[in-house]
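Let chain F serve as the given structure and place chains X and D on it in line with the hints.
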Amino acid sequence: MLETVFLIVFAMIGLSLLLNLWRLVVGPSVPDRILALDTMYINTIALIILYGMSMGTGLYFEAALLIAMLGFVSTVAVCKYLLRGDIIE
Amino acid sequence: MYSEWVVSILLLIGGAFILIGSIGLIKMPDFFMRLHGPTKATTLGMAGVLIGAMVFFSNTQDGISVKELLITIFLLITAPISGYMLIKSAIHHKLKAKEGTKGLDNIEDD
Amino acid sequence: MRLESRFSWLPTPFRSGLLFVVWLLLNNSVSAGHLVLATVFAILIPLATFPFRVPQPLIIKPGLALKQLIIVLYDIITANLQVALLILGPTKKLRPAFVKVPLDLSHSMPITILASTVSLTPGTVSAEVYPIPESLPKGEKPKQRYLLIHVLDLNDEQELINTIKKRYEAPLKEIFQC
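Residue numbers (this note's numbering), protein chains in the order written: chain F, 1 to 89; chain X, 90 to 199; chain D, 200 to 377.
Okay, chain F solo, but in the shape it has when bound (with noise of 0.2 angstroms):
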């Protein structure tokens, strides 16, 4: 029963990550590419953990956590950016 399980939760997060790649595509604004950008990072650990799980093993937590860090910062600093035209002042 899992197994069905995992390939419905690997279809329903493969779907979200196609909607996000279509806002990111089509814009309009540059702010809201960024969201398309955050909200595809956090879907990529869901998709990580997933996988983990349906290998059976543990070992991609470390990979999940990284992502997750690198892409808040990621998304931090972008903003920044935007907001000063510059990233360190």
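List of simulated lysine-lysine pairs, DSS-like, C-alpha gap at most 27 angstroms:
id: 1; chain 1: D; residue 1: Lys364; chain 2: D; residue 2: Lys342
id: 2; chain 1: X; residue 1: Lys177; chain 2: D; residue 2: Lys292
id: 3; chain 1: X; residue 1: Lys183; chain 2: D; residue 2: Lys291
id: 4; chain 1: D; residue 1: Lys299; chain 2: X; residue 2: Lys185
None of these hints come from the bench; they were simulated from the model.
Relative to the frame of chain F, chains X and D by itself:
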């Protein structure tokens, strides 16, 4: 046996919330309304998936596994901050809000 | 509002507790060795980083803070169901709005916590704190601060302001005693 049910339900709820967050990102007419989907629905969806993973690993591997909580806490703390940075940059770029939005004169120039 | 801790060897008690818990979570064990190592880190790291930090108000009522945390977690779940229904429903019926909430808090740390809670709970995202510090003349303190929030579906402005002030701001004032 019970744990399998718990994991399945948590994963499905989490996946559904993540999907709803992305649907909100597509469907809403202006940036300020689009922001509501990813900051709230996606965060709760992630919490669902990660708690599901916690229950799953506690049962399949020896010992209780709680380190997935770390990512959940981290996302709960950082989601409002990235949302705040995004809406600040949107106001700075003077993005148009949907027509009929009330209280637009509350925004001050910076 | 109290900025300094009672013990000089423990300048920031909350941050020490957080470091302790995160170390144990990261290693996923409660063996004696990790407990000792976590205690050492929880005491040494705040001592080493304290001198170059801006002093922040300490939590004076930890019990109340825990209660508030549970209330907020409960609100996050109900708020998410609400927002999910709003997203799936017809978009044209939504009434978005910007609302200005007057703040009683004065220090930046409680305001940050309040803004984060508002962002995570029913249909609201906090956008800005007015007045912006750079727009004021140098050295002058703002008289009254406002929090600008964006609401997805506004029903009654006054009611929303009252809810935020009573449910989230009043306990924060109590916790930090300011």
